[in-house]
Amino acid sequence: MAPSRNVVKIAVQMREAIPQLIQLDQAKPLAAVLKEVCEAWNLPHSERYALQFADGHGRYITENNRMEIKNGSILCLSTAPDLEAERLLGGLQSESPEGRREALRHLVVLAPDMTFAREVISRDGLQRIGTIIEDGDDLGELLALALRAFLELMEHGVVSWETLSIPFVRKVVCYVNMNLMDASVQPLALGLLESVTLSSPALGQLVKSEVPLDRLLVHLQVMNQQLQTKAMALLTALLQGASPAERKHMLDYLWQRNLRQFIYKNIIHSATPLGDEMAHHLYVLQALTLGLLEPRMRTPLDPYSQEQREQLQALRQAAFEPEGESLGGLSADRRRSLCAREFRKLGFSNSNPAQDLERVPPGLLALDNMLYFSRHAPSAYSRFVLENSSREDKHECPFARSSIQLTVLLCELLRVGEPCSETAQDFSPMFFGQDQSFHELFCVSIQLLNKTWKEMRATQEDFDKVMQVVREQLARTLALKPSSLELFRTKVNALTYGEVLRLRQTERLHQEGTLAPPILELREKLKPELMGLIRQQRLLRLCEGTLFRKISSRRRQDKLWFCCLSPNHKVLQYGDVEEGAGPPAAESLPEQLPVADIRALLTGKDCPHVREKGSGKQNKDVCELAFSVSYDHGEEEAYLNFVAPSKREFHLWTDGLSALLGSPMGSEQTRLDLEQLLTMETKLRLLELENVPIPEQPPPIPPPPTNFNFCYDCSIAEP
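So the sequence shown is residues 1 to 719, counted in the UniProt record's numbering.
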């Protein structure tokens, strides 16, 4: 008799037949199990049948995934995948449009299953579906179904996108460029071209030459969120595949066509909430646009460039020479001496300003910022320079030095020149609110720096301290994601030096505790109880469940899946969900993983799906959010892979899984939560001791008395 752990009790159903309740021996070959099931229903030729999961996506049961069958699973007997693939591909040859549509509908349902997909692909299914797409006899539902089936089959990675023919890609381009096309076709065509562009440089160039930017702008202006998202996806894919010069030309053209204004008014501030995928593409567009500043940031000033020398002189003249005046009447030596002194007053560390701008970063980008400020805010520029020129030397805020350091700071905060993340959604709405957003942000920031300098009553020795405060002011305000530059200006100016100190003090009080030994001893006694509270919260969070996004090594996918812990903490339940749908009920999830089968928890580079993606810089954020659980899968070890939507969710899930496995919860979030709870509980316990100094050392124990005659003898009865 097989061990009980290898036997599961399941139900098998078939259309127009009474379901069977059987005990499935996992050690028995699947062909033998199928034969027994078919014999119970008097069905000959058991090799023509296969078992599928009745719920979820109806995946076929194979020797590789049979261990996913658990007690209580419901399976259904259906046609074997090879015969079903043959039947459906035959249906594609039907002369009846309805027959072809019906075959494609079934293909779309079954295509996500790898077993079925391999059978279809091995029978030239991609070519047959591609023929329907190329013929384009029906531009409605039939074409949409064919595109969807083609995308689902290609998604498995069995066939490379680079193998697609040029005529096929051109035909899909025609559907994108065509007017009055069915609303369901163009998003799919755009999605297919996005995958082609990201996966094949050669075909990407073809898409770039065949799809005009104006056409993508037309799609973006259609009030259809799915079409807008796919058009933006293809646009960012084309920009990423372009050379730096081509990218600059494309972005300049898009800005001239008012794409920025349209995004700001009709996408960011749309009545419909912004989807995660659109937020990612806006982040990519912002990163690529800011990336155009990188060449200037990496280029030092050339002291022999006549143009750059004239720009420096224009900067000096705007501050010190009133309109209509010049130094032409002075001798060369006198003019040189006066220029050197004025450059010093302007805040350059050297009399020759070219030496200050040889540093990269920020290189010429700092000069661009200073010139932009002097030309677009001349009164603020003159006031900044002249106000500091009239102060004592040690109290003046050096404009040029501050501008150079501030440019470096802005490049770090906005990640100028860094590669785009595959999953980040951290775009700033303010960026799309006006032209020249980086230079405009500099203009606000340099005036903030001067204001903070005065509030701190800083001297030249305090320069680095001022820059640290300004960094904090800018970082805190940018984290609020202000919707416009004016709102950013208002919020950052409200964050005064005094307010920064107050916030620092508040955070320090939350984080720090007294180091007195009695308090440390009290904290140690409180830790077990509070760790139990944190453990309880983590398990409750796992029971609530989380939507995770599927990530492939080829491109960012928009598919979601949901995972949660059962209320009795015995089983992890999970399954795919549709985009835009809310979290499903736990009982509706098709997949289950018993906690008892879990071997270990893996994070970061130890995860198998991270090792497969490689070690590129753009995968760093995926590595930081990745975790996996290994579990028993028959005689082998299998993995359930996750990519958390945020760092907080990563900590909550890894803590919860560690708690389930009996391992310590060692995340940064646990440390912060424990510290916060310890601080609160300690303060509550010490309320009665407020303003009472707690000694560092306990008071000494006095020596024992010379005699104990003062003791009362309770055994002596009083008269």
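The hints are simulated quantities; they were obtained by calculation from the structure and are not laboratory data. The model shown is predicted, which means the values in this text are computed figures rather than measured ones. Some hints here could point you the wrong way.
[Stated by the list, open to error] In silico DSS-like cross-links for lysine-lysine, where the CA-CA straight-line distance does not exceed 27 Å:
1. 527 to 491
2. 208 to 171
3. 527 to 345
4. 9 to 28
5. 527 to 559
6. 345 to 491
7. 491 to 525
8. 265 to 345
9. 647 to 559
10. 559 to 525
11. 527 to 550
12. 248 to 208
13. 454 to 465
Hints and how they fare:
Proposed proximity of residue 527 and residue 491 is contradicted: the alpha carbons are some 39 Å apart, above 27 Å. Simply put, residue 208 and residue 171 have alpha-carbon atoms about 14 Å apart, close enough for the 27 Å limit, and the pair holds. The straight-line distance between the Cα atoms of residue 527 and residue 345 is roughly 58 Å, outside the 27 Å bound, and the hint therefore fails. For the proposed pair residue 9 and residue 28, the alpha carbon gap of about 14 Å is at most 27 Å, so the pair holds.
A threshold of 27 Å between alpha carbons decides the hint, and for residue 527 with residue 559 the separation of about 41 Å lies outside it, so the pair is violated. Restraint check for residue 345 and residue 491: the C-alpha separation of about 31 Å exceeds 27 Å, so the hint is violated. A hinted pair counts as satisfied when its Cα atoms are at most 27 Å apart, and residue 491 with residue 525 does not qualify at roughly 43 Å. Between residue 265 and residue 345 the CA atoms are separated by roughly 43 Å; this puts the pair beyond 27 Å, and the hint is violated.
Annotation: proposed proximity of residue 647 to residue 559 holds, straight-line Cα distance about 20 Å (limit 27 Å). Under the criterion of a C-alpha separation no larger than 27 Å, the hint pairing residue 559 with residue 525 is inconsistent with the structure, at around 46 Å. About 37 Å separates the Cα atoms of residue 527 and residue 550, which puts this hinted pair outside 27 Å; it is violated. This hinted pair checks out: residue 248 and residue 208 have alpha carbons roughly 14 Å apart, not beyond 27 Å.
Note on residue 454 and residue 465: the hinted pairing holds, with a Cα-Cα distance of about 13 Å set against a maximum of 27 Å.
In summary, the numbered hints that this structure violates are 1, 3, 5, 6, 7, 8, 10 and 11.
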